[in-house]
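K.L.:
Add chain B to chain A, keeping to what the hints say.
Next come the chains, spelled out residue by residue.
Number of protein chains: 2
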Amino acid sequence: MKIYEFRAFPNPLRARMAAAEKGLTDRIEFIQVDVPNGEHKRPEFLQLNPVGKVPVLVLDDGTAIAECTAITEYLDHSAGTPVLTGETAQQRAQIHMLQRRAEALVLDAASDYFHHATAGLGKLEPIQIKEWGEYQRQVAIRGMHYFDSVLRGRRYVMGEQLTMPDITLFAGLALIELLQIGIPETCTNLRGWRDRVGQRPSASA
Amino acid sequence: MKIYEFRAFPNPLRARMAAAEKGLTDRIEFIQVDVPNGEHKRPEFLQLNPVGKVPVLVLDDGTAIAECTAITEYLDHSAGTPVLTGETAQQRAQIHMLQRRAEALVLDAASDYFHHATAGLGKLEPIQIKEWGEYQRQVAIRGMHYFDSVLRGRRYVMGEQLTMPDITLFAGLALIELLQIGIPETCTNLRGWRDRVGQRPSASA
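These protein sequence lines map, in sequence, to chains A and B. Numbering follows full-length UniProt numbering, in which position 167 of the first sequence is assigned residue number 167; successive positions increment by one, without gaps. Numbering follows full-length UniProt numbering, in which position 28 of the second sequence is assigned residue number 28; successive positions increment by one, without gaps.
What the hints contain is simulated information worked out from the structure, not anything from laboratory work. Keep in mind the model is a prediction, meaning the values are calculated, not measured. Treat the hints with care, since some could be wrong.
Since the list gives no way to pick one copy over another, a pair counts as held whenever it fits inside one copy or between any two copies.
[Claimed, not checked] Below, computed lysine-lysine pairings styled on DSS-like, alpha-carbon distance capped at 30 Å:
1. K130 / K41
2. K2 / K123
3. K53 / K22
4. K41 / K123
5. K2 / K41
6. K130 / K53
Bound conformation, chain A alone:
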């Protein structure tokens, strides 16, 4: 398997963390895509992912899988039991619910702030709507308070075990710190959780 990525960015971190949690890192060739210079918008890359985003997982038969939820589903079902996406109907449902919220309320919201209300990727931005970016920054702050409440008395967002939404939320907070939005002081559950996840080997994979 190959993963096309750009190491400094939060969505590639999600795929790397999922691979590391599943013990699959050694079976994957990681290929860097020069995102700051627009390599992800060139025809060769758009053939892999018409949406023009990293990461993309390419299977040995050439099948290209984009979108982090999809990549995580693949890796999770390729080795051992599916710990990241759950085994029972109820686990799967709760994990996917929290996954979507970690995206919409934290990571994607912070990403919209980056692309619309900061310099973003500069010339590569198709459009910048500052008001939307600033609104999404507020969504991300509310999202952190929401996950702080989810994490009350819990080791990870689903309970005792790390699952897919923990990875998404961790990548979201990494972006939030990079953009100097900051994790609210009062979000003590979230801050403790961030340090806990940060100590896992997968976080520096």
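P.N.:
Relative to the frame of chain A, chain B by itself:
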């Protein structure tokens, strides 16, 4: 099981279609939430779904599952084999990739147009950024062209069998027609597919 929904809206249609495709409709009590009058933003409903959106699936033990992908995962794994979300790692990955694209490129894009560039839900809209809504309308149009290419020579987006992203895309096109954005004339694969899905009993469930 109960599903809290508002029958006229596209996301509730996704849950109803998934239930019907799985033969589970008779086992679910559907409860209407008066979205136009803001019932989905009142404290009683926010206890079920802090994000304040329909649909929400409530299991017999009281567990509340929001987000359509999560609801579909639950229903799909609760009866028979998982036809909507796939059985193998590769099927699961491709289905989740297309699911995310059907959301981001069509349904969510059209929904942003509705909320930001039309009257939307009126007084209930927290903020309206017209430029963002108009931009997302263009995303939805490009998204329809993308899915038209996916559907070339295929009965459904994954091939011979209807899966989760077909439902999401169908709900997206229903919204697009409601908002009079229109399906491009040149998207003949997409138009044929829309009529094919529309003839399934689940489409009028």
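K.L.:
State for each hint whether it applies.
P.N.:
Right, here's what the structure says about each hint:
1. When the C-alpha separation of K130 and K41 is checked against a cutoff of 30 Å, the pair qualifies both within a copy, at 23 Å, and between copies, at 27 Å.
2. When the C-alpha separation of K2 and K123 is checked against a cutoff of 30 Å, the pair qualifies only within one copy, where the shortest distance is 29 Å, while the shortest distance between copies is 49 Å.
3. For the identical chains of this complex, K53 and K22 are intra-copy neighbours only, at 23 Å inside a copy versus 33 Å across copies, given an alpha-carbon limit of 30 Å.
4. With identical chains, the CA atoms of K41 and K123 are at most 30 Å apart within one copy only, with a shortest distance of 12 Å there and 40 Å across copies.
5. Proximity of K2 to K41 under the C-alpha cut-off of 30 Å is restricted to the intra-copy arrangement: shortest distance 19 Å within a copy versus 44 Å between copies.
6. In the homo-oligomer, the alpha carbons of K130 and K53 lie at most 30 Å apart both inside one protomer (22 Å) and across protomers (26 Å), since each shortest distance falls under that limit.
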